[in-house]
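All chains should be modelled from the sequences, with the hints used to inform the complete structure.
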Amino acid sequence: MTDIWDDLFGGLDEFNKRMERMFTEISGPGVKTYGYTMYRGPDGVPHIREYGNAREERLISGGTVREPLTDVCKDGEIVRVVVELPGVSKEDIRLEGTESTICVSVDTPSKKFEKKLALPCNVVPDSAKAMYNNGILEITLNSAEAAPKGRTIPVE
1 MTDIWDDLFG
11 GLDEFNKRME
21 RMFTEISGPG
31 VKTYGYTMYR
41 GPDGVPHIRE
51 YGNAREERLI
61 SGGTVREPLT
71 DVCKDGEIVR
81 VVVELPGVSK
91 EDIRLEGTES
101 TICVSVDTPS
111 KKFEKKLALP
121 CNVVPDSAKA
131 MYNNGILEIT
141 LNSAEAAPKG
151 RTIPVE
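Per the working numbering, the very first residue in the sequence shown carries number 1; after that it's consecutive.
It is possible that part of the hints are untrue.
Derived DEER-like restraints, expressed as beta-carbon distance ranges [claimed, not checked]: (1) 23 x 95: 28 to 38 Å; (2) 47 x 133: 25 to 35 Å; (3) 72 x 42: 46 to 56 Å; (4) 98 x 77: 13 to 23 Å; (5) 103 x 18: 35 to 45 Å; (6) 17 x 94: 41 to 51 Å; (7) 69 x 43: 42 to 52 Å; (8) 36 x 4: 19 to 29 Å.
Hints are computed from structural coordinates only; laboratory data are not their basis. Since the model is a prediction, treat every value here as computed from it, not as a measurement. Virtual Cβ for every residue (Gly too), placed ideally from N, Cα, C.
Shown next as structure tokens:
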């Protein structure tokens, strides 16, 4: 009876080892991985082994910086950015904008979010309006790509 279990878990253990090798090969300075393998030892006791580098960073920094879900769309002369920031208050949200980007960040003891968004066109930063309600931040900006204003040029 134990041979069936050894065959089943032995195959899973080999699969997990191969996956771990693949993650190790592709993980670089900017890539974070975390996972665990679970197997039953020869003595019948289950073993759990963690791997990856994401958990270590979370323990050192006191909390993981999450990238919030976002949506950016251009609707005529308006650029609309929607950011999901659950569990924070509007006083904790920090927004910075340029003609081509918006940076959203939250840094509280319990929640950390950060994302820099490239906008689909240049905007007028001074036209930005932000509203936060029920965990959703909505930012609207006027597009700087207005229709060219022409005039008649007299010929002398």
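Quiz item: At the C-beta level, are residue 72 and residue 42 separated by a distance inside 46 to 56 Å?
Solution: Since the Cβ atoms of residue 72 and residue 42 sit about 55 Å apart, the hinted range of 46 to 56 Å holds.
Quiz item: Has the hinted range 13 to 23 Å been met by the Cβ atoms of residue 98 and residue 77?
Solution: 19 Å, holds
Exercise. Can you let me know if the beta-carbon spacing of residue 17 and residue 94 is within 41 to 51 Å?
Key: 43 Å, holds
Quiz item: Within 42 to 52 Å or not, the Cβ separation of residue 69 and residue 43?
Solution: About 45 Å separates the Cβ atoms of residue 69 and residue 43, which means 42 to 52 Å holds.
Exercise. For the range 35 to 45 Å, tell me whether the beta carbons of residue 103 and residue 18 fit it or not.
Key: 39 Å, holds
Quiz item: At the C-beta level, are residue 47 and residue 133 separated by a distance inside 25 to 35 Å?
Solution: 47 Å, violated
Quiz item: Using the C-beta atoms of residue 36 and residue 4, is the stated range 19 to 29 Å upheld?
Solution: The hint (19 to 29 Å, Cβ to Cβ) holds, given that residue 36 and residue 4 are roughly 24 Å apart.
Quiz prompt | Pairwise beta carbon distance, residue 23 to residue 95, judged against the given window 28 to 38 Å | solution = Given a distance of about 35 Å, which is inside 28 to 38 Å, the answer is holds.
Comparing the model with each numbered hint stated earlier shows that hint 2 is the single one that does not hold.
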